[in-house]
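K.L.:
Each chain, written out:
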Amino acid sequence: MDAVLRAFPVRFYLDNGRPANTRIQRTVLELVRDGGVTYRDAAALDDSVVALGDAALRVLASPVQGRRANPNDESIALILDRGAFRALLTGDSERRELGALLREARIPDVDVLKAPHHGSRNGVISSWLKRTRPEVVVISVGAGNSYGLPDEDALAVYGEGGRAVLRTDLDGDIVITVDSRGCYEVRAGRTGGEVRAHGGPAACAVPPTQETRP
Amino acid sequence: MTDRHEVWIVDRFEGEYAVVERALHETLNLPRALLPAGTREGDALRVTVSAGDDEVRLAIARDAQETKLRATEARRILGDLKKRDPGGKIEL
Chain A
28 MDAVLRAFPV RFYLDNGRPA NTRIQRTVLE LVRDGGVTYR DAAALDDSVV ALGDAALRVL
88 ASPVQGRRAN PNDESIALIL DRGAFRALLT GDSERRELGA LLREARIPDV DVLKAPHHGS
148 RNGVISSWLK RTRPEVVVIS VGAGNSYGLP DEDALAVYGE GGRAVLRTDL DGDIVITVDS
208 RGCYEVRAGR TGGEVRAHGG PAACAVPPTQ ETRP
Chain B
54 MTDRHEVWIV DRFEGEYAVV ERALHETLNL PRALLPAGTR EGDALRVTVS AGDDEVRLAI
114 ARDAQETKLR ATEARRILGD LKKRDPGGKI EL
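Top to bottom, those sequences are chains A and B.
For the first sequence, our numbering assigns the number 28 to the initial residue and increments by one for each residue that follows.
For the second sequence, our numbering assigns the number 54 to the initial residue and increments by one for each residue that follows.
The shape of chain A in the complex, shown without the other chains (with noise of 0.2 angstroms):
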């Protein structure tokens, strides 16, 4: 994070305001104050939508609290809505977090789940799949990690029914292109990407990439 903060021109900053005690919390949070970025507060924006253009991203600030909460399940998750598409992005949630925001009734259908946790087997519980019934699941997780992740059982239950699994160590960048419609492409790999899903409302006959611009 420190590195992002450094590389580009950054407005705001956005976390669950939970403090840590570890040398990078303090340089990156350092860098906010020092480099004149707009620090904001999960909690003070939950359920608010950022406007990106056509595309609007819902902040979701987890509902665990406490001091002797997990630190991984106050991650914030988002909502990314364009058009009839709808991608879900949850930071290092676990199935505590995860459970809660089932019963608040806030999480919806969705095209494009990333996986909670890098693929973790404590992010993954078969409701959460059953509530936000994705199209496609990205799991960003490194080559060769020390955690063993994916965990093989939740890669099981990602891939019930034949449903897209892509992951960032096997299969590279992912990238996700959505027109204004809401149809979508998924390409993946290191050389340029290849198509490896697609969907969107039925409308969608023209891949996203392909629509003519005026």
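Worth flagging that the hints you see were computed from the coordinates, not collected in a lab.
Errors might be hidden in some of the hints.
Which chain B residues face chain A? A few, computed with CB under 10 angstroms, are given here [claimed, not checked]: (1) 59; (2) 64; (3) 82; (4) 97; (5) 119; (6) 131; (7) 135; (8) 139; (9) 141; (10) 144.
Where is the CB? At the ideal position from N, CA and C, for every residue including glycine.
Here the structure of chain A is known, so what remains is to put chain B in place on it, guided by the hints.
P.N.:
Only chain B this time, still in chain A's reference frame:
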């Protein structure tokens, strides 16, 4: 043997392992069993590294004072930032 002292921070637990920050951008995955009983996330650990020709010995102790100092500083920086949070929606 020569001794060297380091301060490690317990970032989090992942299953049977603790993710410990040894330095900025350097973390170690240590089995929980190698840490003092009662170690919690956020704890500062005072580590003494005794290096000899044929062996290296590590002595790991919880450092309550260092933990408290770091927690106070973390709350202070975050508190200052929260005071500058303008509120309202994010408009890009």
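K.L.:
Taking the hints in turn, state whether each one holds.
P.N.:
Taking the hints in turn, this is what the structure says about them:
A hinted interface residue such as residue 59 of chain B counts as satisfied when its beta carbon comes closer than 10 angstroms to some beta carbon of chain A; here the least separation is about 12 angstroms, so the hint is violated. Because the beta carbon of residue 64 of chain B sits about 5 angstroms from the nearest beta carbon in chain A, less than 10 angstroms, this interface hint is met. Hint on residue 82 of chain B holds. Least Cβ distance to chain A is approximately 5 angstroms, under the 10 angstroms limit. Restraint check, residue 97 of chain B versus chain A: the minimum CB separation of about 7 angstroms is within 10 angstroms; hint holds.
Interface hint at residue 119 of chain B: satisfied, since its Cβ lies 9 angstroms from the closest Cβ of chain A, which is below the 10 angstroms cut-off. About 5 angstroms separates the beta-carbon of residue 131 of chain B from the nearest beta-carbon of chain A, less than 10 angstroms, and the hint is met. Interface hint status for residue 135 of chain B: upheld, as the beta-carbon distance to the closest one in chain A is roughly 6 angstroms, under 10 angstroms. Annotation: interface hint on residue 139 of chain B holds; nearest CB of chain A at approximately 7 angstroms, less than 10 angstroms.
Hint status for residue 141 of chain B: holds, given a least beta-carbon distance of 9 angstroms to chain A, under 10 angstroms. Below 10 angstroms, beta-carbon pairs count as interface contacts, and residue 144 of chain B has one with chain A at about 8 angstroms; its hint therefore holds.
The structure fails to meet hint 1 from the earlier list, while all remaining hints are met.
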